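Protein chains: 2
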Amino acid sequence: MDQENSPLPSAVSVPADTGVIAQATAHYQKRLSDLRGLFLDAADLERRIREEDDPVCYENYAFNQSQAEGDIFFGTTIIYPGKVGSEYHLTRGHYHSKRDHAETYQALSGRGLVLFEREDGTTCSAELTPGKVTYIPPYWAHRSINTGDVPLVFLWTCPVEAGHDYAALGGRGMRQVVVERNGVPIIEDRPSG
Amino acid sequence: MDQENSPLPSAVSVPADTGVIAQATAHYQKRLSDLRGLFLDAADLERRIREEDDPVCYENYAFNQSQAEGDIFFGTTIIYPGKVGSEYHLTRGHYHSKRDHAETYQALSGRGLVLFEREDGTTCSAELTPGKVTYIPPYWAHRSINTGDVPLVFLWTCPVEAGHDYAALGGRGMRQVVVERNGVPIIEDRPSG
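Each protein sequence line maps, in turn, to chains A and B. Under this note's numbering, residues 1 to 193 are what the first sequence spells out, in order. Under this note's numbering, residues 1 to 193 are what the second sequence spells out, in order.
Hints in this document: simulated from the structure, not taken from any laboratory. All clues stand as given, with none of them false.
Note that the list lumps identical chains together, so a pair holds whenever it fits in one copy or between two copies.
The list that follows gives simulated cross-link-like pairs (lysine to aspartate or glutamate, EDC-like), each with its CA atoms no further than 20 Å apart:
1. Lys98 to Asp2
2. Lys98 to Glu4
3. Lys98 to Glu69
Note that this is a predicted model, so its numbers are computed, not measured.
Based on the sequences and whatever the hints tell you, model everything.
In structure tokens, the structure reads:
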């Protein structure tokens, strides 16, 4: 890219309540059937797919003007509220293909958590609530969880060249899970086996 | 950087009303006396420096965890309301040292504009208002303007390696100016001479 073919500036509407970006250049939805293998309670997942006509768990809008290294793209993820068994709705979770690339998340409405883990096994978590910028440093895989009763809408901002590596986490996702215990979200280690 | 010394995740409070980031790793203020040469009306600038005890025009908070290429940093800029002559308060404006690096701005409170120009002389502008993400593409110099009556607080998000090149715009800033005409902000070409 050089200046003649660089993208034009723009001010892009990102509604905090819906997260629907009308100017999005890409959009996808993930239904519960797309997330088989990720939840602890496979039987309840199948029950919900059957009884609720395979509901959308989350969707994603992106505004992406180029693939040129150095450019930034951004978008929204909307995670609908709900649980599979006692486990809250989640995104697949991923490392960046370029492990040394960072990202930021900002909750616009709703509330949740980000689970993090590194390839050396270290884990941690951070809040995803309006009024905070959640910093996703290089080398940390990240998965988002809606722990509330309303859609969790968050904005993500990322270098275009970071890339997504879903395979490195294996089929299951992350080492920790977020489950409801006595009405509140708790982070626990994933049961072995 | 490798995973052992990568920064830790965190959720950083960014208050929309004040823009003051308590966890900031850097902070600076620019007073009117720091901005000599940038406003059209040099006499009114000197009058305000003298009569108002050199007020702060804008300030900046940054949250920056590493200098490693691929990392992202973010922060706030707060531009206080006011005019020098008929020209609204502004930031210096800059190109990125790495011209092919992009950025995003998000107004959190107040309202304003971003002026853009490229080295080939092309100019444009975009809104800086809450509910929108203002995309700053590669190769575009950018200056922010507070066109309202209250502080303009905006969040910026940028690759850490982008760098700031203030010199390429020359002492004056940008080819266009934002001035009040009949009570409303108007973008005009800078008067020659």
